[in-house]
Amino acid sequence: MTKEIKLYGHGLKEDDLKRVILIEDKPSAKYSWSAGTAMSRFLLELKEGRIIGRKCNKCGRILIPPRMYCEVCFRPTDEWIYVRDIGRITTAVVSYISADRARLEKPEVVGVIEFEDAPGSGIFHRLNIKPEDVINRSAFGMKVKAVWKPKEQRNGSITDIEYFEPVKE
Amino acid sequence: MFEAASRAYADAGIDDPRKTVDAFVTCEEDFWSGISIFDEFTPDQLGGVYKPVYTITSDGLIGLASAYMKIRTGLFDIVVVEAHSKASEIITLNDIINFAYDPIYNRPLNLNPYFLAGLEATKYLHKIGGSRYHLSLIVEKNKTNALKNPLASYASKITAEDVNKLKPIIEPLNPLDIAQPIDVSIVVVLARSDIAKKFTDRIVWIDGIGWATENPSIENRDWSNAAYARIAANMAYKLADIKNPAREFDMAIVDDKISYKELEHIEALRLTGGKNVLRLLEDGEFNIKGSLPVNPHGGELGVGWALEASGLVAVLEGVHQLRNEAVGRQISAKKIVIQSWRGIPTTTGAVAVLTIDN
Amino acid sequence: MKTNLNIKNRVAIVGAGLTLFRRRMLDTPKELAWGAVKMALESAGLDIKDVEAVVIGSAPDAFDGVHMKGEYLSDGSGGIGKPTMRVYVGGGTGVFTPIAGWWHVASGLFDVVIAVAEEKMSPAQPHPQYVFKHIWDPIIERPLGLNLIWIFAMEMHRYMYRYNIKKEDVALVSVKNKANALDHPAAQAAGKITVDDVLKSEILVWPVQRLDISPVSDGAAAIVMVSEKIARRLTDSPVWVEGVGWALDSTHWTNRDLSYPKYLEVAARMAYKMANIENPRKEIDVAEVYDPFDYKELHHMEGLMLARKGEAPILTKEGITQRDGDLPINPSGGLLGVGNPIAAAGLMKVAEIFWQLRYEAGKRQVKKPVYTGLAQAWGDLMQVGTVIIMRGG
Numbered sequence: 435m436t437k438e439i440k441l442y443g444h445g446l447k448e449d450d451l452k453r454v455i456l457i458e459d460k461p462s463a464k465y466s467w468s469a470g471t472a473m474s475r476f477l478l479e480l481k482e483g484r485i486i487g488r489k490c491n492k493c494g495r496i497l498i499p500p501r502m503y504c505e506v507c508f509r510p511t512d513e514w515i516y517v518r519d520i521g522r523i524t525t526a527v528v529s530y531i532s533a534d535r536a537r538l539e540k541p542e543v544v545g546v547i548e549f550e551d552a553p554g555s556g557i558f559h560r561l562n563i564k565p566e567d568v569i570n571r572s573a574f575g576m577k578v579k580a581v582w583k584p585k586e587q588r589n590g591s592i593t594d595i596e597y598f599e600p601v602k603e
Numbered sequence: 003m004f005e006a007a008s009r010a011y012a013d014a015g016i017d018d019p020r021k022t023v024d025a026f027v028t029c030e031e032d033f034w035s036g037i038s039i040f041d042e043f044t045p046d047q048l049g050g051v052y053k054p055v056y057t058i059t060s061d062g063l064i065g066l067a068s069a070y071m072k073i074r075t076g077l078f079d080i081v082v083v084e085a086h087s088k089a090s091e092i093i094t095l096n097d098i099i100n101f102a103y104d105p106i107y108n109r110p111l112n113l114n115p116y117f118l119a120g121l122e123a124t125k126y127l128h129k130i131g132g133s134r135y136h137l138s139l140i141v142e143k144n145k146t147n148a149l150k151n152p153l154a155s156y157a158s159k160i161t162a163e164d165v166n167k168l169k170p171i172i173e174p175l176n177p178l179d180i181a182q183p184i185d186v187s188i189v190v191v192l193a194r195s196d197i198a199k200k201f202t203d204r205i206v207w208i209d210g211i212g213w214a215t216e217n218p219s220i221e222n223r224d225w226s227n228a229a230y231a232r233i234a235a236n237m238a239y240k241l242a243d244i245k246n247p248a249r250e251f252d253m254a255i256v257d258d259k260i261s262y263k264e265l266e267h268i269e270a271l272r273l274t275g276g277k278n279v280l281r282l283l284e285d286g287e288f289n290i291k292g293s294l295p296v297n298p299h300g301g302e303l304g305v306g307w308a309l310e311a312s313g314l315v316a317v318l319e320g321v322h323q324l325r326n327e328a329v330g331r332q333i334s335a336k337k338i339v340i341q342s343w344r345g346i347p348t349t350t351g352a353v354a355v356l357t358i359d360n
Numbered sequence: 006m007k008t009n010l011n012i013k014n015r016v017a018i019v020g021a022g023l024t025l026f027r028r029r030m031l032d033t034p035k036e037l038a039w040g041a042v043k044m045a046l047e048s049a050g051l052d053i054k055d056v057e058a059v060v061i062g063s064a065p066d067a068f069d070g071v072h073m074k075g076e077y078l079s080d081g082s083g084g085i086g087k088p089t090m091r092v093y094v095g096g097g098t099g100v101f102t103p104i105a106g107w108w109h110v111a112s113g114l115f116d117v118v119i120a121v122a123e124e125k126m127s128p129a130q131p132h133p134q135y136v137f138k139h140i141w142d143p144i145i146e147r148p149l150g151l152n153l154i155w156i157f158a159m160e161m162h163r164y165m166y167r168y169n170i171k172k173e174d175v176a177l178v179s180v181k182n183k184a185n186a187l188d189h190p191a192a193q194a195a196g197k198i199t200v201d202d203v204l205k206s207e208i209l210v211w212p213v214q215r216l217d218i219s220p221v222s223d224g225a226a227a228i229v230m231v232s233e234k235i236a237r238r239l240t241d242s243p244v245w246v247e248g249v250g251w252a253l254d255s256t257h258w259t260n261r262d263l264s265y266p267k268y269l270e271v272a273a274r275m276a277y278k279m280a281n282i283e284n285p286r287k288e289i290d291v292a293e294v295y296d297p298f299d300y301k302e303l304h305h306m307e308g309l310m311l312a313r314k315g316e317a318p319i320l321t322k323e324g325i326t327q328r329d330g331d332l333p334i335n336p337s338g339g340l341l342g343v344g345n346p347i348a349a350a351g352l353m354k355v356a357e358i359f360w361q362l363r364y365e366a367g368k369r370q371v372k373k374p375v376y377t378g379l380a381q382a383w384g385d386l387m388q389v390g391t392v393i394i395m396r397g398g
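If you're matching them up, the sequences are chains A, B and C in order.
With the working numbering applied, the first sequence covers 435 to 603.
With the working numbering applied, the second sequence covers 3 to 360.
With the working numbering applied, the third sequence covers 6 to 398.
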């Protein structure tokens, strides 16, 4: 299978698209997902400005995001448990592009936060820290706390938390 | 899914699936669930984290076939198959079915996706000399059978005359000819024969299984023959050493997502033994008390359409019947055939022969 | 699972085919599948009539824009009137498809099977990246506008932080693979670049820059898998499938240690056990390791236990993973150099190992003698590892 072999296929450049027949279609795919028991409670608690997890008494883990079964022990989880909204950054990145690949005016910093009271837990969220701290890696392990939207603006969504920002040790 | 899996493991006598189960198959299509790459969301609930899990984008019975092959390789002892439907979460169901049509040749016509069924039903009825009334007989049979099935969602005490009176939505089909969606999660546990005996003595055997795809192009397919079912049945019968399908089965579950399909599938599976399928239907031979009960649980017309879980709904009923657990509609059955079809616009389906020892 | 004592039927690959990989192709998905299958059958000396079953691999339906994509592809793949099924594990599909083909033949049910993988990403508008919006959890992730490159960047950064790896070390992989791809007939993104070029390229999501990632592509690949008795009739150099493995990690990636692909180690162990391999670093002669981003080649090398944790960048720096090195990695040019039509990319890698083990890879042929090769793919929410191990006849 050498370089000289001619393979099937007709590549097109972007302006070739003007010269071929294109058929456009937009799928109408709408869904209404139920959140499920665990996530519904999680979202309701977020509205109240609280973070809640599920505990598996067998392995001792507090699961956040919460779920009604522990995937390691394969058994139902046992109880609801509140945790403080404080954690440490396990990884962080600086984004200069949006989901559609367009250039952002202001770079966004996002990452994963492990809750102090629940080792092994973690959620993805926005971080209010300087991009330089991400690039020089001082963000790793940084202690952060959730900054909540005002109560009137919360509606039971992950965005009830505005972002996480650094706190003193 | 966790609940269905837990029940299946309890039924099989498996205490810790994380230790015992070797592989997991899930049957789903992205556009049914609204999530791309659906298997991302499955391992945890099945006990499959850090284990071989994958998706078959097809009906549960074809998922079962892949599990069957895996066990036959000798590499896997116990394999779990899962399929589910959350049709209630899909707001634009017909649009999604439409999305399966060829984007260049068919979709631009922008028709009700069931137009294909109307065309095929017309041609098929014409070919066999059948009428609207025969379709109504099937709807009556399956919906009344479903009255005895606690898992059925669309049972009703309806007569063929009542069905006949309804206005068509696409000639010759009226709303009751088309199975309506349900939500369900089904988990099935398969094991190699020597292993199975360690868990239970009520073993249901897969004696044979087959599947086939005929032709996705609607312009190039056979419009009055379920060839995919015939090819799949031949493969299954060969493995199960079935020589005379019309005589060897105690009952049959065939796909009736759209009423006329039940007859097409019965013919394709060679269950008529040379007799006229319409006469057999009229004489009640496919009823529960007949010589070959078909869809005693109500079929999809009575139970509901479970998207890619349809094949496993058939397996579930087959297992209940063979294990004498089909309260209210029990048939004395030792050997049965089950069949599923993926629904419009596909020509894909699978067939399995299930048996139980004495 | 048992050791390979229980596996009665051997399976061989006797032919392979590819189409071009390009950013956008005129051909429909069906035509692409057909092009690859045709070449594979011709190279095996077989006809479509000889094929008994077909396994199709293709990743998200949303790219091509057809629901039930497997049905749509079945005629182009040669599946008319035959048992056909489509398998799907996100990006891992390209190596999973031949694994499914393996069990079709190893079950004893079929003697000749086609495994074909196709992907057409270009139809998705405004940009194929957008489709990846729908792989996230709709409740706790999508509202934050999560983006695929973000998630890889997070994994990359955690890996680099944990083992103190510099961007320059990672960039070496992109340089190597794009250069390797210059000798590949299907290549879309081949080129002679330097580490400096990578470090100066557009920053997308720090630490990911434009030249760290593979392109969006259309393309297809196919292989012919047969039973032992057919293999011996067809060719003197069948390539045997000796090990298969795959594993899926939990959905909850935020609860995972991102610096190490544990799911890949699980998959690799499954394949190594079946192939009777105890020391992969010594026993694997050549490997095609999934490289949609340059850091993934390093990450996966460690998950496959071809390098110790944190050690893969060192092997790369020392030239060990070059074509003339002791453990050549991605002699094809990988996804970075040849292209990334998701499912087809993985199968392209399997095809490369096939050609390498038969000494048919032309200028890409690695210097050392090769007997055992490995191909690996990865996908979903950074969850699945799929591994296949092959040996020359």
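You may find that some hints are simply not true.
Lysine to aspartate or glutamate pairs mimicking EDC-like chemistry, simulated, CA-CA at most 16 Å apart [what the hints assert, rightly or not]:
no. : chain 1 : residue 1 : chain 2 : residue 2
1   : A       : K440      : C       : E47
2   : A       : K440      : C       : D241
3   : B       : K240      : B       : E221
Here are a few chain B residues that sit away from chain A, every Cβ distance over 12 Å (derived from the structure) [said to hold, decoys possible]:
no. : residue
4   : E5
5   : S8
6   : Y116
7   : L149
8   : K199
Calculated from the structure, these hints are not laboratory results.
Cβ coordinates follow ideal geometry from the N, Cα and C atoms, glycine included.
Worksheet item: Where does the structure disagree with the numbered hints, that is, which hint numbers, in rising order?
Response: Violated hints: 2, 3, 4 and 5; rest satisfied.
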